[in-house]
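Protein chains: 2
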Amino acid sequence: MDIPDTFTPPQRVLMGPGPSNVAPSVLKAIGQPLVGHLDPSFIKMMEEIKGMLRMVFQTKNEMTFPVSGTGSAGMEFCFVNLIEPGDEVIVGVNGAFGGRMVDVAERCGARVTKVEAPWGQIIEPGQIEEALRKVSNPKVVAVVHAETSTGAESPVAEIGKVVKKAGALYLIDAVTSLGGSPVKIDEWGIDAIYSGTQKCLSCPPGLAPVSFSPRAMKVASHRKTKVQSWYLDVNLLAGYWGEERVYHHTAPISMNYALHAALKEVLEEGLENRWRRHRQNHLALRSGLSAVGLELAAQEGYQLWQLNPIRVPTGVDEAVIRKALLNNFNIEIGAGLGPLKGKIWRVGLMGATSTRDNVRLLLSALCQTLNENGHKVDAAAALAATA
Amino acid sequence: MDIPDTFTPPQRVLMGPGPSNVAPSVLKAIGQPLVGHLDPSFIKMMEEIKGMLRMVFQTKNEMTFPVSGTGSAGMEFCFVNLIEPGDEVIVGVNGAFGGRMVDVAERCGARVTKVEAPWGQIIEPGQIEEALRKVSNPKVVAVVHAETSTGAESPVAEIGKVVKKAGALYLIDAVTSLGGSPVKIDEWGIDAIYSGTQKCLSCPPGLAPVSFSPRAMKVASHRKTKVQSWYLDVNLLAGYWGEERVYHHTAPISMNYALHAALKEVLEEGLENRWRRHRQNHLALRSGLSAVGLELAAQEGYQLWQLNPIRVPTGVDEAVIRKALLNNFNIEIGAGLGPLKGKIWRVGLMGATSTRDNVRLLLSALCQTLNENGHKVDAAAALAATA
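If you read the protein sequences in the order shown, they are chains W and A. First residue of the first sequence? That's 1 in the working numbering, and the numbers climb one at a time after it. First residue of the second sequence? That's 1 in the working numbering, and the numbers climb one at a time after it.
A hint or two may mislead.
[What the hints assert, rightly or not] The following residues of chain W were derived to be distant from chain A, with all beta-carbon distances above 12 Å:
hint	residue
1	Pro118
2	Pro155
3	Pro214
4	Thr314
5	Asn327
6	Gly342
[Said to hold, decoys possible] Covered stretches of chain A, as calculated for chain W (at least 3 residues, CB under 8 Å):
hint	stretch
7	61-74
8	95-105
9	177-184
10	243-255
11	375-383
These aren't lab readings, by the way, just hints derived from the structure by calculation. Where is the CB? At the ideal position from N, CA and C, for every residue including glycine.
Could you build the full structure based on these sequences and the hints that come with them?
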């Protein structure tokens, strides 16, 4: 093999399930020269990241920091620290990421009770309540807040009340929700939560913001067995991200630069403003789609603002349209997963990607491509409906 | 808490145990706009990274790719995939990272036999041979090639012959060696290896290049139990980094941009040239230190070129000197760990940091600081000896 040429990425509009587009300030931050992971300037920045994450997560949890891996590493972080072999865990499964939680929990030795809903539907508080009655000693209840595979938002606040009554630990996947719609750790009684940087925080992928309540920390620090992952052991990580600054692993310096800048963008916009922007652009997209007979596949009343699952019209080849959008318009959208493969497109309006211009760009390109492929729609009507 | 100011890192000369300084091409690459992790352009780049890693690792191993975490995640990747509960593992322990391998292996359920040497000494092939005779059914022998905590380089090629004879899998920590001194997977009979990006590859931390031989892949794919880590399961990762491109996790896009550029720098310089440069600058530093009575703490004949453990002279406060170098000269060097705490400074000459100018910069700053702290040395003599 010869040495390849310098890589220059094409300029894409990232409207898939993540990564989303990144603000210029974040790209500038990530390209800065390195300092050491124990440099006083870096340690000060780590404290600032922890503080900003607490604001974004709406929590006072001391143990709030970015795990040095992507969102799935955050999922694994939560389970490996809380679960010991034989522990009983209830997991809501209404999409790919609920299914992944089951897999991860079982690899920790958990006895898992699945609470299921069809893909695109939500997990109801009553379903969790019923499972809690059946399971003898439930240690953890885990639910995906925003199912990236389906576009449905489960009622995490309501489920939290049920979990609290039963005394179990409450574990939430907020990979796609954080920064795009409300996530309120303390108010909702969440004990363990993980997110990713590349969705509504509009930061490159590579870090997983997590938070553990004092109760979760107590469980993790009073285990009978060692945490099965050294890399993700919160008891060791607390030494580096806490007061002591004990060397654990070399933190991804540049990624933390980027997260610092991305969190500043979020907080300078303001959480309420940011949520409103995500909601408005979702509604604009939905109106535009509706005007040409396209509909969202997620449960009415629980549709995510940041991830829009568009039902593929009968007779249209999902992949042909998706590839044409990429090749002709540089727009990336996502395919369906699992039972929704071939049946939906997933259109992300996350973070910096969530703009009125991008909604109109997508609608015009999608309508044109559908027309070119024999499915006639009125692009002007779609665009007019976004107003 | 208020929103913090934009973070601007101080300009450091990174002469600690990593991260090392990064070439401008790498900083330029990491700051490029994002594409999706399934974008055709990104998939092509992934193939190029795999190809370049094979050249740098000197291997034909198909399963050669960067794990989405730092070097310690690479360590965990190797152990979780190869070890099942009850397996017997022999680990060479002559520093912090050998000790960490024991911890990680035990968390996988391994029965570990330690082969020990004092910190700064090497693991001898004969020691491994003896352990292999005593252990009934050794599955894996694990050795740290370049002990970052001590500056000693164990004779990995020679140990490999002993391991091969016994039929065990050979697992190597090449975090600090790769890109700075020879690492030859196929020639040395290595089955599993991990490295980090932030040492002699001169890339920001955040990825762990790994490689599995076909034999290691066979072991990993014929396990009786599931790999305990979902995130690091090579059987799942092979689906994403292999031909099929099945979505597993969202790869850290920007970090892969950086690694692509960093590997290009390595290969454009040429491995032999790069090794020679690391050796020459190590010898220059060693001569300069020797001229003022300072010596290296690692075993004679097995001293790493990229990590130089300088013995702290009697009566000198290690931390005072180290902090003065940072505060007065913007030079980061490392402290000793474990039994070497307070007894050595660790001076990295890794990747882009390994230049004659940096050797002279360090010597002049160190001599001045020692003089200012009452330990008289002749800076001119140190500098003259580097010629």
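Hints, one by one, checked against the model:
| no. | hint | verdict |
| --- | --- | --- |
| 1 | Pro118 | 21 Å, holds |
| 2 | Pro155 | 26 Å, holds |
| 3 | Pro214 | 19 Å, holds |
| 4 | Thr314 | 26 Å, holds |
| 5 | Asn327 | 9 Å, violated |
| 6 | Gly342 | 15 Å, holds |
| 7 | 61-74 | holds (count 6) |
| 8 | 95-105 | holds (count 3) |
| 9 | 177-184 | violated (count 0) |
| 10 | 243-255 | holds (count 9) |
| 11 | 375-383 | violated (count 0) |
The structure shown violates the earlier hints numbered 5, 9 and 11.
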